[in-house]
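Those protein sequences? They're chains A and B, same order as listed. Residues in the first sequence are numbered from 1 upward in steps of one, following this note's numbering. Residues in the second sequence are numbered from 1001 upward in steps of one, following this note's numbering.
To be clear, the hints were calculated from the coordinates, so they are not data collected in a lab. Errors might be hidden in some of the hints.
To be verified - DEER-style ranges, computed between Cβ atoms:
(1) Ala73(A) - Leu1041(B): 44 to 50 Å
(2) Trp1066(B) - Lys231(A): 18 to 24 Å
(3) Gln35(A) - Arg1074(B): 56 to 62 Å
(4) Arg1074(B) - Ala81(A): 36 to 42 Å
Glycine residues also receive a C-beta, built at the ideal position from the N, C-alpha and C atoms.
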Amino acid sequence: MKRVWRTLFRRSRVNAEIAEEIQSHLAMRAHLGRQAGLSASEAQAWARRQFGNPALILEDARQFHLVPFLEGALQDLRHAARQLIRNPAFSITVLFILALGIGASTAVFTVVDGVLFRPAPYADADRIVAYGITAPIETREFLFGFDYLYWRGKIPAFEAVTSMLPGDQDCDLTETNPARLTCAYVESSYLPFFGVRPVIGRNFARDEDRSQAPRVALLSYNFWRTRYGGKARVIGLLISLDDTPVRIVGVLPKEFEMPTLRPFDILFPQQLNEAAQVFPNNGTTLRTFARLRPGWTPAQAVAALDPLLQRDLAGAPMAYRKEIHIGVRTIRDWQSGDRRPASWVLLLAVLAVLLLACMNVASLLLARATSRQGELAMRQALGASRSRLARHAITESLLLGIMGGTLGCALSLFLLKILLSTAPNTILGLTEIHFSMRTFIFAALLSLTSGLVFGVLPALRQPTVEIFNRWRATSRSKASIRDALVILQIGGSLIMLTAAGLMLRTLWKLESVPLGVDAEHLVTAQFTLGSAYNATRLIAFSQTLEQRLRSQPGVSSVAFGDTIPPGGPTRSIPFFALRVPGRAPFEQGVGGMVPWRAVSSDYFRTFHLRLPQGRAFDASDLSTHSTPAMILSQSLAGKLFPGEHSVGQRVTLSDSGTFNVVGVAADVRNNGLVGAAYPEFYLDRDQSPEISLRGITSRHVAVAIRSDLRTQFLESWLRDEIHALEPSVPVDVMSMQDRIRDFALPQRFHAILFSLFAAITLLLAVSGLYGLVRFLVARRTQEIGVRMALGASPAGIAALVVRSALRFTLAGAALGIASALVVSRWLESMLYQTPSRDPLTIAITAAILVCCGIAAALAPSLAAARTDPMTALRSD
Amino acid sequence: MARSSDTLLGALDLLILKTLARAPNHGFGIAQHIQTVSEGLLRVEEGSLYPALHRLERDKFVKASWIQTENGRRARIYKLTGSGRQRLEEAESNWDSVSKGVTRVLRFV
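Only chain A is shown next, with the shape it has when bound in the complex (with noise of 0.2 Å):
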């Protein structure tokens, strides 16, 4: 860019200097005929006589100080333009076609990038791994304290590890204008490790993350500006947090993420209690991070890393030692995880749709090309080299991919509002548009790739002199690009269509899954209480709302739970402290965590979760005092008592004492919709509040009613109870039926893009193939006019028509189903009972292109039936 101003700047430099140069020049020979005696008018005349053609002059003196091939360049970008501005129509259609094309693609790359190319923004990315142990309950790598303290420098393959809490924990900013905040907890090595320097004030010191030692925080960038106005002096502010005295001793950068990629306010020492964690109960656990040295993969840690398991390992439950084992993963498989595989199919997939937007370009570039090979003809024979005409072609479809690709990048930003609107950050992983200079990149590469594919082909074809033979106005060669083009257009639009459809119909299929919960007539609440909730006040709060939401007319029931089913964030135990009396434990491995809920009495009645066995909890439980109730969900009663009846069944926690089965449950759905059932068990919250108020998620309160009443009134009725009680609680209010919507979201997210990219794809082979048969009608018309001549019925003509079309169609649809069957195996890590070559699916695709190609031969054919015989033999 930088160059062309140059030239375009020099240009006008050098050609002031040259006639300036010849002024002098003139001046002096005028002087030297006012010394011969003339007059000064006829002395000026002299000289201009004498002189050549300054004009000329300039010019061929000019052309040695300019680059002449960017002089050129400039030259063919303004020819370019005029083609553009004289035919609007076609230029539009063009521009309408590569912004649609570009922009989807620059979207989905935006919502890809940071899954699949872009590197983690750490100082030596690509050596930072994950590493830990994994297990049934968390597959994600993690290690205890003891273990992380232990082996910390007795690993080779490691430089520098650290650490960090694991999970966003909240807490409460307690000052005026109170506010619920998410904090990470992380060593203090935590930020040099990942080469994060904090943007004012300081890192935490070691001393810092001692245990007991005085609270300091680091605050996110974000919260540093919204909190406190991007103020510096911020630094050495106490403010209270969860009650106590925390000391600001920095602020990060804006650009710092966690590599857990999720969003927070303040970040904490730790503060790990090293002297605690050789007690297995006391231990914590925590996300550890390494960073290779040169040279290490992370197979070879691996390596390095299991004989220190093993070790460790070797007092443990036989249980456990099955199924931990070392993991190792660069930070850039850990963050993205199972989104790799569907990333990849998106991008493709989009690209396909760029490519497929390309060819009809071409085809309407090579249309064009048809009409004006008179034109191009003509400036051949007048000099225009060949590969001048050719710079032409070109530099226009670069000009048209220059400026289709300005508006796909603002189009693209249209399309990321909508892509983040129906899809939450779990599947983006993405909570903003940033439109990094990475998309940038991305789009100018593309818009100059593209002009380039749909530039060649029209640029190849160079007019001959036959052209000026009429009747042989397109040669077979060059109709038949535009043939190809349009057959592979419908194949591709055939593939994206299955694409679709497949999505679609795993979208449907997950949907009339059974939850085993009723959702309708359904409103549920999930909060957070504050710190400041003991088990006493948490109790009371829940008994109040209770109260309150029972005494409205019209709720039948009110329900309380620590999550909402399906899913949610449950606490969960491995199978094999779940014991039987009098029987041999589990010892066949860990045997899979299995969940539980604590649950008010009315949770079964309000979710109409049916108890084929025994019944829920009630009074009774409560009177009988020795031993509490639980209630087994379906798979796990045959799990632990196959065959039995399990009613009446005793049951021990490992650590919480027996329990007596009342009741048999429905399974829940509670690995989302595409996985298995887990097995589960409820307890009473009111029977066993010791336990059920027990760990992470005891200050989590769901409340679920169920009434006939409208639901926007419920919602906010619920949300003005809850807040009625507890004002500055964050509450999240949604109709069960919402939830499981989103159950559903990153199928519904992939069925709605696939959806996209088929109507795009189909529109434009349509678009394509009408062109074509036009344009083949238009060609035929004095065939046309003989055949009618000859007693051809307009029926016949039309069919005939038709019949080219659907030749087409055929040709395209039986590309396309080949293809598809090839390629839709990649789909397979995005369905759900749904073969990949499903035929069923492909039928109805084959069906409606078919009837798509007919729609687009209609108008065509129409106008070839309308045929009057005798202009169209006349014409030429």
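Fit chain B to the known structure of chain A by using the hints.
Frame of chain A, contents of chain B only:
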């Protein structure tokens, strides 16, 4: 740039370079000098002179700069560069052989 086949056409370059070897001069001066010294036998057209000067400038055989002449006019004067001097030597010796060659061809018929 200096191909031997250019030699015949390079006569103007040679004249310009030779003129500038004496002293830096402007386009008008160069033309006058050639005309005067050749006693009117050679007259350089401006249409050839200026393109030739600018070509020599691009090839860095001459350097141009603006000066103020004694009667207060701005003029673009050209000065021979080091490589220009070399080029002049080559062109001169070339010219010798070319003119001998041409003379022989003319006499032969």
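A quick look at each hint next to the structure:
1. Ala73(A) - Leu1041(B): 44 to 50 Å: holds, 45 Å
2. Trp1066(B) - Lys231(A): 18 to 24 Å: Violated, at about 58 Å.
3. Gln35(A) - Arg1074(B): 56 to 62 Å: Cβ of Gln35(A) to Cβ of Arg1074(B): about 20 Å, so the range 56 to 62 Å is violated.
4. Arg1074(B) - Ala81(A): 36 to 42 Å: holds, 38 Å
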